[in-house]
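One-letter residues, chain by chain:
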Amino acid sequence: MHELSVALNLLEGVQETALRDGIERILAVHVRVGALSGIAPDALKFSWELATAGTVAADSALRIEDVPLVVFCERCAAERAPRAASGLVCPSCGSACPTIVRGRELQLVAMEVPE
Amino acid sequence: MKYRVVQIEQSILRKNAALADALRARFAATHTLVVNLLSSPGSGKTTLLQETLARTCDRYRVGVLVGDQATDNDARRLSQYGAPVRQITTAAECRLDADMIGKALEDWGAGPFDVLFIENVGNLICPAEYDLGEDVRVVVFSVTEGEDKPLKYPLAFNTSHVVAMTKMDIAQAVGFDRDAAYASIRQVNPGVTVVELSARTGAGMDDWIALIERHIAAKAPPREASLR
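Line by line, the protein sequences give chains A and B. Under the numbering used here, residues 1 to 115 are what the first sequence spells out, in order. Under the numbering used here, residues 1 to 228 are what the second sequence spells out, in order.
Chain B with its partners taken away, still in its complex shape (with noise of 0.2 Å):
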């Protein structure tokens, strides 16, 4: 048949793209620091979230929104401490994406927010694509992953801002490699900044709340900002 050729050169993710703008846009204007927590299954998200609810609530309006694809087992483990917590379920979806931001924020009605964290679905992989509007992307890597995974998933590393490598208190029983470690992240990400802590026996907490007020602080409105 003959045909002709339609040339179209758009992005895929595009609507992904002006919905994390609107949300960017909505999250300056309450001052609201957004953090995306992404990592594979099982590596401590949710400990050290709860950690960090527990460190914060007093302090700043926090939010939580967690993502998985079955089950509200998180929502109901993080929501003991006083912040309100949203699960979104993903069903078949292996990823959070703005729209769902968007579309929970909407029936929520919660906020605003100092901080909002958002705890991502398990998956190295199709979350490092979305990008949710967010100040800053955590990466959670934990010791007992393999020192590789940075080489192994470099999107996910590359486009973070944050390395968290949790559960540094069965470092030296998993025989975690510190040095092998580094190098691999320094190999996808030579500025990133690496925070270690045991959300479990709170070593290094203070390092990671220190890092996370700081940038509650960048995102606050002036006067207040002035204050702290």
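Just chain A, with the same shape it has in the complex (with noise of 0.2 Å):
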């Protein structure tokens, strides 16, 4: 639901590494976004192609690497993957596990330019 004000300080990012790089022209920007950051992939593309308008980034492709939602067990003393809408619980043991290992990312990882 904030995805374009998630696109907008994305977009801030690439700008701020263009102008320091002297990059006058951006084709793709990467991204990570993890299963738990509230991030509809099809709604940050929209509003990437809305922010970028006009910008160094304009025209540019938004690759999304999804990330699923990854904790740590405790009583496994491992990592598992929960199953979607079952909380933050263990697949295996079904103990709880509130340390979330992987999933809340909202990462800029980096643009492809031209050489």
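A portion of the hints provided could be inaccurate.
Unchecked claim - Facing chain A, from chain B, some residues (calculated, C-beta under 8 Å):
id, residue
1, MET1
2, GLN10
3, SER11
4, THR90
5, CYS94
6, LEU151
7, PRO154
Said to hold, decoys possible - List time: in silico DSSO-like cross-link candidates among lysine-lysine, alpha-carbon distance up to 27 Å:
id, chain 1, residue 1, chain 2, residue 2
8, B, LYS219, B, LYS15
9, B, LYS15, A, LYS45
10, B, LYS219, B, LYS103
11, B, LYS2, A, LYS45
12, B, LYS103, B, LYS15
13, A, LYS45, B, LYS219
Unchecked claim - So these bits of chain A aren't anywhere near chain B, every CB distance computed over 12 Å:
id, residue
14, GLU12
15, ASP66
16, SER92
17, ARG104
Honestly, the hints are just simulated from the structure, not real lab data. In this text, all values refer to a predicted model and were calculated from it rather than measured experimentally. Yeah, the Cβ is synthetic: ideal placement off N, Cα and C, and Gly gets one too.
Both chains are sitting in their own frames, so use the hints and assemble them into the complex.
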């Protein structure tokens, strides 16, 4: 629901790097989006198109890597991927696992620029 | 087209994180406890805050920031207790962020406070992502909402320190399954403090106020803390 503001925050990060490195055009931007981040990838792509119009990142592709939820199960002493909509529960032993290892990411990873 | 890759690796929300850290430093300097209240629309945040103000304003310097997408109805409801209240109208935004809090504080001119309550926009998804520099995050969970709400919105419940279980006076009438609700909460946050209350009847309000007062005392300057 806050994809547009996330797209604007993302654009800000991209613009800072472009300015620093003297980059005039951006072909693609890579991001990592966690399953718990509350971000819908399609809505983010749509917002990206709107946010970047007329900027250094205009017409750039947004490449989203989805990061599934992974928690740390203390009973199993291992990382586990909970089943969808089961909360933060270990799929092997059923215990609650409040430690989120992955799945909260909203990360600007890299961008592709012309040689 | 031939291209090269520029590695960046930074959080998209890093600006919010930096602003939240600046707010935390500012509130540490004034010994202000900051409580961020999250919930779905209609869970009773404003009523809980009204009853909280009625029980704290005489003893503490209390401030309230209240976020809504539209209207200042909540601010008007809250402003009858003597504490300064400021509305933040977020328009299109579905949550408060650290920048909005900083700007509201700048032109508000109120404070310093012993405790600042921030009533977030009614929404359990987006506000969970945004650090506001708070000490205590409270998720307000009413008995009318469905016992599995924590499983549907795990991040909001996982990142909260306290669950305020509201509208307990009508729990029976709406067939609230208390055990199932606790089981859901424990599945996403086993150690979280749960306070059952009814702001309308006052039941459980003493426990809630005692909890807030413990946090205020913990944040107070050392000398004052020893006097209390």
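Hint check, B/GLN10 versus chain A [nearest Cβ-Cβ separation less than 8 Å]: 5 Å, holds
Does B/MET1 meet its interface restraint, that is, does its C-beta lie within less than 8 Å of any C-beta in chain A? 6 Å, holds
Outside-interface status for A/ASP66 - nearest CB in chain B farther than 12 Å: 15 Å, holds
Tell me if the interface restraint on B/THR90 is satisfied: Cβ within less than 8 Å of some Cβ in chain A. With a minimum Cβ separation of about 10 Å from chain A (threshold 8 Å), the hint on B/THR90 is violated.
Would you assess whether A/SER92, listed as outside the interface, keeps its beta-carbon beyond 12 Å of every beta-carbon in chain B? The claim holds: A/SER92 sits with its nearest Cβ about 15 Å from chain B, beyond 12 Å.
Need the status of pair B/LYS15, A/LYS45: alpha-carbon distance at most 27 Å? 21 Å, holds
Proposed interface contact between B/SER11 and chain A, which counts if any beta carbon pair is under 8 Å: 6 Å, holds
Check whether the Cα positions of B/LYS103 and B/LYS15 lie no farther apart than 27 Å. Cα-Cα ~14 Å, so holds.
Can B/LEU151 be said to touch chain A, with a Cβ gap under 8 Å? Holds. Min distance 4 Å.
Decide if the proposed pair is consistent with the structure: B/LYS219 and B/LYS103, CA atoms, cutoff 27 Å inclusive. Status holds; Cα separation ~23 Å.
Closest C-beta approach of B/PRO154 to chain A relative to 8 Å, hint status: Since the shortest Cβ distance to chain A is 6 Å, the answer is holds.
Given the hinted pair B/LYS2 and A/LYS45, is their alpha-carbon gap at most 27 Å? Distance of about 23 Å is within 27 Å: holds.
In this structure, the hints that do not hold are numbers 4, 13, 14 and 17, in rising order.
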